[in-house]
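Hints in hand, dock the two standalone chains.
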Amino acid sequence: MKFLCLRCDEVMRFEERQLPGDGTMGVVFSCPVCRREVAMLTNPMETQLVSSLGVQIGGRSVPTQPLELTRGNLQEGRGDAFRDDDPVPAGAGLRVEWSGDAQQRLGQVPSFVRGMVKRIYADYAREHGITTITPAVMDRARSDLGLEGM
Amino acid sequence: VDGDLNGPSLPRMLSASAEPLRVGERGVVPAAAVAGVRLISIDLLLQAEDSPLRWSGPTGDASLWRGALETGALRELIADVDWGELDFLLVDLPPGTDRIERFLELIPAPAAIVLVTTPSAAAGHVVAKSARLLAEAGIHQVGLVNNMSGYVCPCCGNDIPLFAGDRRTSALENGPTQVWAEIPFDPSFSTQTDGGSPYVLGAPQQPAAQAIFRLAERLEGGLQ
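Going line by line, the protein sequences match chains A and B.
Per our numbering, the very first residue in the first sequence carries number 1; after that it's consecutive.
Per our numbering, the very first residue in the second sequence carries number 151; after that it's consecutive.
Don't take every hint at face value.
Negatives, chain B to chain A, calculated, CB over 12 Å [what the hints assert, rightly or not]:
no., residue
1, P202
2, I289
3, G300
Footprint (simulated), chain A over chain B, 3 or more residues, beta carbon under 8 Å [as the list claims (entries may be wrong)]:
no., stretch
4, 161–174
5, 183–196
6, 210–216
7, 226–239
Quick partial rundown of chain A residues pointing at chain B, CB under 10 Å, derived from the structure [unchecked claim]:
no., residue
8, R36
9, A39
10, N43
11, Q56
12, V62
13, R71
14, N73
No wet-lab data here; the hints were simulated from the structure.
Note that this is a predicted model, so its numbers are computed, not measured.
Each residue gets a CB set at the ideal place from its N, CA and C atoms; glycine is no exception.
So that you can see chain B by itself, here it is in the shape it has in the complex (with noise of 0.2 Å):
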């Protein structure tokens, strides 16, 4: 579930079908991506790529009833959808913890959390707030993925930090989150990405690719 519906980037990401969907008796059938990954995404609905998500309704007081409307939307998104069977069912979220909050409103006990930080202080001080708001929903399953947490060389292979000092966040090396996976930049990433292609299938054998590998068998035996 592509949950960012002011920033929708999946369809693209994963080459999702741009056939129009089909609405079953069991709710609306799902987009097939890549890799036998079944989506859905606010993009799949609106009109032309730029099209920025914009809801009917009397504009002057839209802060009003905006939030309501985009909790149901993606309310929907996830239970108006025929997903069949799955391993598991992803919901990308942008960042935020209101955004948190209102997806543990509609999934209480999610089975695990994963909150995406750069090694940036900055960014460490944001995501801490995501965090504490987890723990103290009694989310337990709570990883942290460090992104860009280095660059590899290409020529020499060495792993070169791509920010000043400690790579770890400090505003949460001392918390309950764990550090569940540290991955190297890689500019072939977006390449990958933007072409529609997921990067660990592109370039299974790069560092980048190997450390994602890493925290799918990490995530998926976590949750087993």
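The shape of chain A in the complex, shown without the other chains (with noise of 0.2 Å):
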């Protein structure tokens, strides 16, 4: 699906995702030539509709992890069925620390999706050259990749 300016004949490009964490979600996109905004809102139907479907609005930078949509959308996962320590893969480069507030946080994600979760943060903070994943990177990576509920 894509979003047309109907006066320059563009296709609109993705500017911002906000997760408000209702379910709702807004999305911004904008002309690159004459810079007109529009937004979508979603109610939570709607985005868990587009999330049942996999669709990343705006795309994502760090790759998909495995099973993630079961293990994002799953109620009661088991606590202990994917092994959380595993190794940051060969090649991953950035060494990444978490502070103590983000552990605190992480702390609160079910455990059964911890293990993702925090890859997925990791890999984000790679991306953008980021050592120290706080509560704010963290906040950032959720809007970016669209971790509705993460």
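Right, dumping it as structure tokens:
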């Protein structure tokens, strides 16, 4: 799906995505020529439908994690279903540290998906040259990657 | 692949390891099960034995997004697993044409499909719909397994019908789908599988096990 600026006959560009945490989503697109902006708002059902299709609005910069859709949406997931001590892949590059606040926040993520979420944030940090993950970095990654509920 | 997301049973039937799954660089490493079988199942991810499959999301409109999510979950169970080198990849699906359509969206040209039925008119009526759907989708390697085709008497060894009338399912006998196996009922089947051991390993000489071996040989021969 694309948005078209009728005046300029140009495909609008993804600018920003906001996930307030209540299931709704706001996405801003702009025309690369006249800079006119439009916003798309989705209710929780629409957000879930898009997510269920595996669509990442605006794309993402870190690789998808194995079973991400399943793990990210499953209720009553087994806490120890996955090993949480997977090593950083070879060639991953930059070593990433976690601040105390970020670790505390990560601890609040259900154990079923914690390993996957940790890896996504770490990949995001490496991608952006960030050496320490803080709650602010987590917020930014969550918004940039469209990680509703993570 | 235990493709029955809402009624997964293969981890129990195949004594799959309860160890946490490892996520490697090429995907999730499947659970080790009996006889060298590698297995993935949604049941390995669920908290308790009686945990139903439920998804996060707005509950009021779940019917609108649940199908899409479950198709995505099945895709992940097949594609996000590091299977390594396999002889065969078997995907066990629940009954219903909708499941077959979803599966064909993911794997449009499976090497073969086995439809399991029982020799009753009602079961044949339902399976005939799947057979037609597969024929129209251009899937030609489709075989029918007639489960509980009879009962082998443990005393005299006679094969006694379990159902009245012709054992063949009438809705299918005139169609293109061939019967690949007739498997007689054996009460010890459930005892073995409930205990996590494949019946064919525990009772390989029994008529039902022999029928399953012949089915496996036929399937393997057809694929080669």
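Hints versus structure:
1. P202: The claim breaks: P202(B) does not keep its Cβ more than 12 Å from every Cβ of chain A (closest is about 8 Å).
2. I289: Fine: 25 Å to the nearest Cβ keeps I289(B) off the interface.
3. G300: Given a closest Cβ separation of 41 Å, the condition holds.
4. 161–174: n = 5 at 8 Å, threshold three: holds.
5. 183–196: That given contact holds, which follows from 4 residues of the stretch 183–196 of chain B lying within Cβ reach (below 8 Å) of chain A.
6. 210–216: n = 5 at 8 Å, threshold three: holds.
7. 226–239: Coverage by chain A holds here, the residue count being 4 at a Cβ distance below 8 Å.
8. R36: This interface hint is violated because 32 Å lies over the 10 Å limit.
9. A39: With a minimum Cβ separation of about 21 Å from chain B (threshold 10 Å), the hint on A39(A) is violated.
10. N43: holds (8 Å)
11. Q56: violated (12 Å)
12. V62: Check failed: Cβ of V62(A) comes no nearer than 14 Å to chain B, outside 10 Å.
13. R71: Given a least distance of 7 Å, the restraint on R71(A) holds.
14. N73: holds (5 Å)
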